[in-house]
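Participant: Residue numbers (our numbering), protein chains in the order written: chain A, 1 to 493; chain B, 1 to 455.
Keep in mind that the hints are not guaranteed to be accurate.
Unchecked claim - Using 20 Å as the maximum straight-line C-alpha spacing, the simulated PhoX-like pairs for lysine-lysine come out as follows:
| id | chain 1 | residue 1 | chain 2 | residue 2 |
| --- | --- | --- | --- | --- |
| 1 | A | Lys78 | B | Lys32 |
| 2 | A | Lys156 | A | Lys8 |
| 3 | B | Lys252 | B | Lys372 |
| 4 | A | Lys89 | B | Lys257 |
| 5 | B | Lys325 | B | Lys257 |
| 6 | A | Lys110 | A | Lys156 |
| 7 | A | Lys231 | B | Lys257 |
| 8 | B | Lys110 | B | Lys99 |
| 9 | B | Lys372 | A | Lys231 |
| 10 | B | Lys274 | B | Lys252 |
| 11 | B | Lys325 | B | Lys372 |
| 12 | B | Lys163 | B | Lys107 |
As the list claims (entries may be wrong) - Computed from the model, here is a short list of chain A residues facing chain B with C-beta under 7 Å:
| id | residue |
| --- | --- |
| 13 | Ala69 |
| 14 | Val95 |
| 15 | Ser216 |
| 16 | Thr221 |
| 17 | Gln390 |
| 18 | Gly415 |
Keep in mind the hints are simulated off the structure, nothing from the lab. As the structure is a computational prediction, the values presented were derived from the model and not from experiment. C-beta atoms are modelled at their ideal positions from N, C-alpha and C, and glycine is treated no differently.
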Amino acid sequence: MRIEDTEKLISQGIARVMDEGAGYCDARFYSEDGSETIALIDGNLEENTASYESGLGVRVLHGGSWGFAATSRAEDVKETFNRALTNAKTASMLVNIPLDMGRMPGIKGKYSSPVGIDPFEVPLKEKLAFLEELDSNLQADFIQRRIAYIYLQRMKNWFWNSEGSFIERNLTNCFAEARIMALDLDSQMQIRSKSLHTPGSGTRGWEMVTNPGLWSAKTETIKEELAQLLKAPEIEYGKRSVILLPGQGFLQVHETIGHPLELDRILGYELSYAGGSFVTLDSIGELRYGSNKLNASAYGSIENSPGSFGYDDEGTPERDYLLIDRGILVNCLTSRAMISEANQTAGKTIFDQSGGASRSTAFYKAPIDRMTNVNILPGEDGSLTDIIAQTEEGILLDNPRSWSIGSNREHFHFGCEIAWEISSGKLTRVLKNPTYQGHTLEFYANLSAVGDESTWVVKQVPNCGKGEPNQIMEIGHGVPVMRFDDVITGERS
Amino acid sequence: MIDEKIRDAIIQVRDRAKSKNINAFFTMHREKSHLLRIGNNAVSLNTSTDLTRLDVEVIDGHRKGSYSVMTDISSPDVVENALQTAVEKASVATPKEYKPLELIVEKEIKGMEQYDPALEELDPMVKTETYRKIIDETGKDYNYSGSWNSGSTEILLACTANKNIAWRKGTDQQFSCVLKDPVEKWELATFQTGWQAGEVTAKNAAADFKHILPVYHEPGFKVEPGEYTVVFGSQALADILRMLMWTGLNGKTYEEKMGWTSGKSIGDQILSEKVTIVDDPSNMNTFGFSFDMKGLARGFFPFVEEGKMTNLFYDIDTAGKYNRKPTPHNDSASLVMKHGDGPESPLEAVRNMGRVLFIPALHYVHIPNPSKGLFTGSSRFSAVLLENGEMRAPIFSSRVTDTFQNVFGNVELISSNDVSVNSSSSYDRRMPEATSVPSYMVSRGVKITDSADSF
Ligand SMILES: [Zn+2]
Numbered sequence: 001m002r003i004e005d006t007e008k009l010i011s012q013g014i015a016r017v018m019d020e021g022a023g024y025c026d027a028r029f030y031s032e033d034g035s036e037t038i039a040l041i042d043g044n045l046e047e048n049t050a051s052y053e054s055g056l057g058v059r060v061l062h063g064g065s066w067g068f069a070a071t072s073r074a075e076d077v078k079e080t081f082n083r084a085l086t087n088a089k090t091a092s093m094l095v096n097i098p099l100d101m102g103r104m105p106g107i108k109g110k111y112s113s114p115v116g117i118d119p120f121e122v123p124l125k126e127k128l129a130f131l132e133e134l135d136s137n138l139q140a141d142f143i144q145r146r147i148a149y150i151y152l153q154r155m156k157n158w159f160w161n162s163e164g165s166f167i168e169r170n171l172t173n174c175f176a177e178a179r180i181m182a183l184d185l186d187s188q189m190q191i192r193s194k195s196l197h198t199p200g201s202g203t204r205g206w207e208m209v210t211n212p213g214l215w216s217a218k219t220e221t222i223k224e225e226l227a228q229l230l231k232a233p234e235i236e237y238g239k240r241s242v243i244l245l246p247g248q249g250f251l252q253v254h255e256t257i258g259h260p261l262e263l264d265r266i267l268g269y270e271l272s273y274a275g276g277s278f279v280t281l282d283s284i285g286e287l288r289y290g291s292n293k294l295n296a297s298a299y300g301s302i303e304n305s306p307g308s309f310g311y312d313d314e315g316t317p318e319r320d321y322l323l324i325d326r327g328i329l330v331n332c333l334t335s336r337a338m339i340s341e342a343n344q345t346a347g348k349t350i351f352d353q354s355g356g357a358s359r360s361t362a363f364y365k366a367p368i369d370r371m372t373n374v375n376i377l378p379g380e381d382g383s384l385t386d387i388i389a390q391t392e393e394g395i396l397l398d399n400p401r402s403w404s405i406g407s408n409r410e411h412f413h414f415g416c417e418i419a420w421e422i423s424s425g426k427l428t429r430v431l432k433n434p435t436y437q438g439h440t441l442e443f444y445a446n447l448s449a450v451g452d453e454s455t456w457v458v459k460q461v462p463n464c465g466k467g468e469p470n471q472i473m474e475i476g477h478g479v480p481v482m483r484f485d486d487v488i489t490g491e492r493s
Numbered sequence: 001m002i003d004e005k006i007r008d009a010i011i012q013v014r015d016r017a018k019s020k021n022i023n024a025f026f027t028m029h030r031e032k033s034h035l036l037r038i039g040n041n042a043v044s045l046n047t048s049t050d051l052t053r054l055d056v057e058v059i060d061g062h063r064k065g066s067y068s069v070m071t072d073i074s075s076p077d078v079v080e081n082a083l084q085t086a087v088e089k090a091s092v093a094t095p096k097e098y099k100p101l102e103l104i105v106e107k108e109i110k111g112m113e114q115y116d117p118a119l120e121e122l123d124p125m126v127k128t129e130t131y132r133k134i135i136d137e138t139g140k141d142y143n144y145s146g147s148w149n150s151g152s153t154e155i156l157l158a159c160t161a162n163k164n165i166a167w168r169k170g171t172d173q174q175f176s177c178v179l180k181d182p183v184e185k186w187e188l189a190t191f192q193t194g195w196q197a198g199e200v201t202a203k204n205a206a207a208d209f210k211h212i213l214p215v216y217h218e219p220g221f222k223v224e225p226g227e228y229t230v231v232f233g234s235q236a237l238a239d240i241l242r243m244l245m246w247t248g249l250n251g252k253t254y255e256e257k258m259g260w261t262s263g264k265s266i267g268d269q270i271l272s273e274k275v276t277i278v279d280d281p282s283n284m285n286t287f288g289f290s291f292d293m294k295g296l297a298r299g300f301f302p303f304v305e306e307g308k309m310t311n312l313f314y315d316i317d318t319a320g321k322y323n324r325k326p327t328p329h330n331d332s333a334s335l336v337m338k339h340g341d342g343p344e345s346p347l348e349a350v351r352n353m354g355r356v357l358f359i360p361a362l363h364y365v366h367i368p369n370p371s372k373g374l375f376t377g378s379s380r381f382s383a384v385l386l387e388n389g390e391m392r393a394p395i396f397s398s399r400v401t402d403t404f405q406n407v408f409g410n411v412e413l414i415s416s417n418d419v420s421v422n423s424s425s426s427y428d429r430r431m432p433e434a435t436s437v438p439s440y441m442v443s444r445g446v447k448i449t450d451s452a453d454s455f
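Okay, chain A solo, but in the shape it has when bound (with noise of 0.2 Å):
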């Protein structure tokens, strides 16, 4: 489909449905939503895909309810906003709390990823190149698998409202991650992985990709890791110290801050599926989230990152502010009917504006509060090495292998792909098959140290799924090292 062909057909859309009552419209417009995968896997190319996607998604609130319509045909254009409508107006037969979106001024925007070189425009060759030379440095004897991976995403679409406004957005994602597996001394696999990262600020574009420090010139260090972990003992079960580096970290703060606090979760629209969480509306302002070293922030427009994206899926421009302030919960991941529904259900204005959270994955998705970049600030308790020196009994955690959170996020059980032992302040041996469980609020509680700036990254995360139908979101978390005391760690026996 192309914008020229349908522009004029949406604005008469939105004002045709206007005409006939409703409340509020919008209409995302993809002219295209592409991707790039290449995967080697034991110097096999055994994924070399692309995929294309175009199509028009209309939202229309009636009544106090939500319709949605999506079409990949351009025939279509009409008959989806009269779905859109229609679907609205029979969601409106059962209303509880009517929807509101509020009254906001039409936005006129532009927003691109910043990118240096377009990795659409990278010969497919040069990728391969790349990638090949990476798989080479990822050999040796004792290595049984190898998988070096790269998928790259873009993005155009243009968004109108009934308010006015009118939005262009071109986004630009590259992913990579480099992991390699053995056997062990008991013939378990064992795994050690780096993905690409990004410090924060510069441009994302595949410059991003091949920028050695940012995981491909890592390969050594988890070759050596790996082959210490074939040989290291179990992890015995026990309460000590856990150190979180950012590889481990950004998980904890994904599915134990990012997830409870998004406010349609809160409000209970993910029962039957994600899960609600232990978070109310009464928290805010009032929660002791964790000790006073905890400070998280919403940071929408981190220069570089996927969770940065200019304009949220209603229009509502990026904001930073914090989330957690010094173990207080201050706000969430807000989206503007959410936060409607929030005020009125509280009779009071718990929250004053849209936290730019609404984003959706696919012109055929209609958006849900996500996450957008949340980070926990970095701290004062110095560099890792100091926070290591500063450890009696601990272990230091990298990479998820494996995620498993209750379904109000008040508990969880997470496995790492290695561990460090600390003894005395100082890192003894590797251990293998760490996991480690806690109850969120007793975890945050017990953050004894965290890191400074110098430990601080952007995690990227591509595969963060949430909604009915199911929607793979792609964000950022900044974090830095972060240790909790009196942690269960490893399985009974």
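Fit chain B with the ligand to the given chain A structure using the hints.
Facilitator: This is chain B with the ligand only, laid out in the frame that chain A set:
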């Protein structure tokens, strides 16, 4: 019923590709999906989507490239463009060490066995009214949410290796309703599935809730970590079963020595002799496809017979790489766990077993260690403490962390009653999948490793 314009465009491009000796495989996927979501006793989202996709895979000797488009594909030009993009990708690709297996549509197949036009065009009002009835019948004091996804999926496969077309159009639906107590925060859930309009009823949903509601007014029970006899309900069973299959009976995992059956051989006892697991597209509790997504003809296929490992499933790429025969399970499954001889009621089944945990569903199952077969997940929805078959108390959110070998090894009793559990993922394209499992399974010595003080 076949969309002739799209079919003809694909055939035209296929024939042209064949004349140029291009080795290509075409997949057309069209979905008409409707989803109604309920949140806080109201419709929170009512969506309709009409999407058409085309995937083209090209094999050029040891090289492979593929391309997917979602746009209007009724013109041969669009199909030709997609083909040329895949050809271009294959031509630049680095050759693999092994020769990828050719993609062949094995049989000419046209199937509409599970297609109901009434479900395809189901009026969203029917869904709204069903939820309203459930709320009216069960009680307005609770908070209700849920989703009801229905629609049709049309798939057409073609290849340059022959003239066969495999085509199927079917309908499916997946229904859930969650009841939450606004004060105590506990949650009950009910699920329904099927492929015909009228199969999902408010009466069944309300009956499920009414059966378990009384015990949920008792104080919650905290399960201390330890070993318990557990009755897994059908949702939990289907969830664990799929993970068990993925990490144990998957040829890819096996060849790469990643899973818990690594080191075992065909014929080895890997689970309790009470456990038999097969793939059976003719089982009407599943959504039966007579071909898989790589064109292989499907039929009855055993994986585990009386606890013995009988077969592994091999996707086409793994089969090519390890020189095995591919099995017809590429993105298509009709998994069936055979029933046992237990009574219909799980309460009856554990009447003489003392204290037992009834866990109907698990939340967020993951695998900390596939080599050991270790999985973990937490109880959610309608979990109850039973004492000699009597429902005693609702249980707080409790974590099961145990191995497949233990849970499916120490099996006490399996229900004689089969149920269908809808296991369709809505992650990507619409692809109906359901698993047939016994309505419950009782296992001894199941490890509970953590529990909360809340539901
Ligand atoms: Zn997520």
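Participant: Each hint should be assessed against the structure and marked as holding or not.
Facilitator: Right, here's what the structure says about each hint:
{"no.": "1", "hint": "A:Lys78 - B:Lys32", "result": "holds, 17 Å"}
{"no.": "2", "hint": "A:Lys156 - A:Lys8", "result": "holds, 18 Å"}
{"no.": "3", "hint": "B:Lys252 - B:Lys372", "result": "holds, 17 Å"}
{"no.": "4", "hint": "A:Lys89 - B:Lys257", "result": "violated, 54 Å"}
{"no.": "5", "hint": "B:Lys325 - B:Lys257", "result": "holds, 18 Å"}
{"no.": "6", "hint": "A:Lys110 - A:Lys156", "result": "holds, 11 Å"}
{"no.": "7", "hint": "A:Lys231 - B:Lys257", "result": "holds, 18 Å"}
{"no.": "8", "hint": "B:Lys110 - B:Lys99", "result": "violated, 31 Å"}
{"no.": "9", "hint": "B:Lys372 - A:Lys231", "result": "holds, 17 Å"}
{"no.": "10", "hint": "B:Lys274 - B:Lys252", "result": "violated, 26 Å"}
{"no.": "11", "hint": "B:Lys325 - B:Lys372", "result": "violated, 27 Å"}
{"no.": "12", "hint": "B:Lys163 - B:Lys107", "result": "holds, 9 Å"}
{"no.": "13", "hint": "Ala69", "result": "holds, 5 Å"}
{"no.": "14", "hint": "Val95", "result": "holds, 5 Å"}
{"no.": "15", "hint": "Ser216", "result": "violated, 18 Å"}
{"no.": "16", "hint": "Thr221", "result": "violated, 23 Å"}
{"no.": "17", "hint": "Gln390", "result": "violated, 28 Å"}
{"no.": "18", "hint": "Gly415", "result": "holds, 3 Å"}
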